[in-house]
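Kindly generate the complete structure, drawing on both the sequences and the hints.
So you can see what is in the structure, the chains are spelled out below.
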Amino acid sequence: MLRLLIFASYLLLLSACSEDFFNQTVDIDPPEYEKQMVTHVKTGINDTAMDLSVTRNYGVLETVPPDGWGVSNALVELWEGDQKLRTFSPEANTNYLYITPLSPGLFQPGHTYTLKISHPEYDTVTAVQTMPYAPAVDSVTYDKAGGVNAFGEELSDIDVYLMDTPGELNYYEIAIFGEYVYVDSIYDGSGNLISVDTLVFESSFEPEGSDDANVQPGYNNTLLISDQFFDGKAYKLNARLYRNQGEPTNFAVHVRTLTEDYFLYSISALRKYDSEGIPFVEPVSVHDNLDKGIGIFGLYNETVVRVKE
Amino acid sequence: MKAICLCLPLAFLYFLCLTNHLSAQTTSQKFTVSGYLSDASSGERLIGATVIDKRSGQGTVSNTFGFYSLTLPTDTLELFFNYIGYQSQQQTIFLRENTTVNILLEQAALIKEVEIVADKYERIEERTQMSRIDIPIEQIKRVPALMGETDVLRVLQLLPGVSGGGEGQSGIYVRGGGPDQNLILLDGVPVYNASHLFGFFSVFNADAIKDVSLTKGGFPARYGGRLSSVIEINMKEGNENEFHGEGSIGVVASKLTLEGPIQKGRSSFLVSARRTYIDVIARPIIKKSFEADGGEGVSGYYFYDINAKVNHRFSDKDRLYLSFYTGKDKFYLNFSENNETPSEKYTFNFDTGLGWGNLTGAVRWNHILTPKLFANTTFTYSRYNFNTRNGVGETSELPGELPQSSSYLLEYFSGIDDIGLKLDFDFMPNPAHLIKFGANTIQHQFHPGEFYTRVVESESKIDVSTTLAQPDVSAFEFATYIEDDWKVTNRLRLNYGLHFSGFVPDGKSYFSLQPRANARYLFNKGWALKGAFSTMRQYIHLLTNETIGLPTDLWLPTTSQVKPQDSWQAALGVAKTFAKNYEFSVEAYYKEMDNVIAFKEGASVFQFDDWQNRVVQGEGTAYGFEFFVQKKKGRFSGWVGYTLSWAWREFEDLNFGNRYPYKYDRRHDFEIVGTYDIIPERIRVSATWVFATGNVATFGTSRYQAPEPYQNHLRYTFVTTHTPERNNLRYPSYNRLDFGVDFIKKKKYWTRTWSVGAYNAYNRNNPFFLFLQTDVDFVNGQAVEKSTLRQASLFPFIPYITYSFKF
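In order, the protein sequences belong to chains A and B.
In terms of my numbering, the first sequence opens at residue 1 and continues consecutively.
In terms of my numbering, the second sequence opens at residue 1 and continues consecutively.
Just so you know, these hints were derived from the structure itself, not from any lab.
Take a look, some chain B residues computed to stay more than 10 Å from chain A by CB distance: (1) GLY48; (2) ARG132; (3) LYS210; (4) PRO284; (5) TYR412; (6) LEU423; (7) PHE425; (8) VAL504; (9) TRP568; (10) PHE627; (11) LYS747.
Residues from chain B that face chain A, not an exhaustive set, calculated with beta carbons under 8 Å: (12) GLY700; (13) HIS722; (14) LEU789.
All C-beta atoms in this analysis are idealised placements derived from N, C-alpha and C, irrespective of residue type, glycine included.
Printed below as a string of structure tokens:
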């Protein structure tokens, strides 16, 4: 009996040894997705133009054709209530960028704006944002000798003093630009100096990591701050700059108030970007505020303070 | 809170004195019959055996150490002693003084067992407590097992309300709780990591185990420290009458258990060991493989367990137990390669390893203070540690020059050490009350992680070593409890109590008072309505990556930043025993959990920063129905279980603050387990079939272009995936059939068993994980990417054959 059963077991095993029997991976259907338009736009109250891209998403298994991301011939509009403020024009030489000029005063603090993107092949995308009020910046100071970091490298300090509005959630973004002077000397073919041009340009400055629990890194080397822990109080942001990034003498400190949607998007999108390709990392959900679309429409108000040594 | 902490033990004593006093006053003509119930052949104590006086109808149940106590008026008593699977015994005594009656019960002949005992043991409808399941170890050993290796935790996964982590995993997830929310006690000692072989086997060697119970709700006040379940595993004590042994030789491991008397009738020992030997068998093949690649090396993996227990009866009132467990897993890979040319002699060495293990020890002293008061004092020690090592070295020797060498070493250690002391009292003032009270303390020492690196370079004369360690954390945990199992009337029974606990990590104190209650009402036709409410608190947390089977479990304490986990659970159900031997129950439960722990979005177990900054705390909710029919003994035994459940998580910082299904949320979970003696004590067949809704995972549903964070223009983009919500993808359902046949033959001095069977008999491709596979095709000279979503499975049809013996 025992032999019979052992034999039967092995017979079952051998009979099952077809080519795919031990193939332990099989194709399965991916989750369904909705074909949607995608846009990412962040506009400041003082911007002179508003541009955005309109693209589409593809299923995880779909092959993207060449130049397949862009959505051309989309109708992009900016509305305030029932009043259409702008219709965007396609940018030349692309099939996905749209732009419209902005005139001073078009955006007003406390006013609500709707971005609307339509295309016959997609559901119409809408997003609503209210322009924040300008940040109450008391002062900004700069101290070239700001100490040293853990590696003994010299740092400079920029301190931003804010007064937060009480009773509401406020979100801030600080961007620091160093002003660099570039002397462009032009010589002729014989090595003779023809002219000297002095150019001034700004480049974003990446602050050192901060121990401040209110501060998180944002897009383009910015610092993001929520007033969760200092609602209605004075707040001092200390940004420490690594001096070897160059030695600008002047700094332009952009202090912005952000919409909550853009604040949440910035944090989550950056976290997602940083975790791309890392195995065993926890999944990141990216915040968005487009109805029937993917992406973000964000607004900010801004105060720029220039400081020098 | 400190006042409560101090007052509760005093209240116990007062209560004790008062009850004794009242008892003495009002029952001056009452006396106590007490003693131990044991297996006649081995002397093993019988847990949960019933003692009933047929004349008065009063009865009691033996405790964890087989002790019983019954206080009745002076009279002639007709005592019946019953235990499932054993022949019942009757004794008539005239009770006119406190009397000790120790009983030895004979195991029933299998075929007669139903008629002899089935209607006398404590049935499910008689028990006050709900949400508790006891599985006889003999039944566990009959269930077909992966590679023939009997696994206690894997059998528990086959019970309603319990799910395993994933394919092949021995993890336990109870009623929507996490893997850290199970208190696994081996002889009363917490075991922190209960898995071998990356989670495929549990650490419990079934040959050394006496009984297993799972409590998943309605927690009596004596339990505490975890939110979701208590799994109590008691080791055998060792046969105190005769020398016996058993063992087996299987596909992956062999084991041997020896037990016998040290001093006949007074003391006994048990030693059990198990080891895998794939590494030994595969060593020559692996060695050849390295040699074929032009090097030398060795690689392997093994685990082992050693259980040992000694007990000694000093007197009728005192007994001492010493129990010990150690187990370890080790993976190693050493490889070296020599390249010798006329111009250079080059050597390369690679050395990596991974090890983890538990060590537990317990000293238990039973003392009968009075015939009504039983005391157990336990001193425990538990340690879990994990370490990994990666080393690379190379040496280069050029003619006429000094050899140059360099080596890099990275080692990592983490773990936890516990020392504990417990005092537990069982007080049985009269047949209507069984009062348990006690206190325990644990001194935890957490080792959150230490990295050691060493770099040696001979050319530049560098020899630098660095230790990067998160500081050890000490914490003191204590608890005290009192509970009463009160037979209010023949129909109504209550178990109610209070559990008070505290936790003192560095510079911070937490306290919690947790009320517990179970109630049972017995209707006319044997149906029992049961209800339970319990609150629980958990002070220690487990940081683990649930996506991989690596034993990187990091146990960490509650701190000022990370709060303790709390829960409350309510359950309602009915129970009845049908046809004398079929226990049936249906339960509905609702559980809420606060401060459950999870990794932040974007965090990973492999980060080196402060663990407290990598976690978030939120809420969990679980509810469902459980259906269970069990037949514990007989020619046919087994159970059918079905669970309909929901499990949710909600964290402010995850999934946009929206509720999402827990990773192990399973709508349906169905299991059938059956064993049948075709020819009793000769041929036995067993089978298991499980069906479960698939787990959930987070999966991007589409791809889109997003702006590059460090490029300030829309033209700079990268392609990323869009995930509408967390755990949005449901894996395909899981189902599997296992079967086994045992051929048993009794020889003159021993019994041998051949077991053959198969895991996943119809070779179902059950999901282990999903992945995207991208292949590149060339169409008209153009590279075209084609992606497919693939499901990887782990275990195909796996036959096994095991030879076991018993003498």
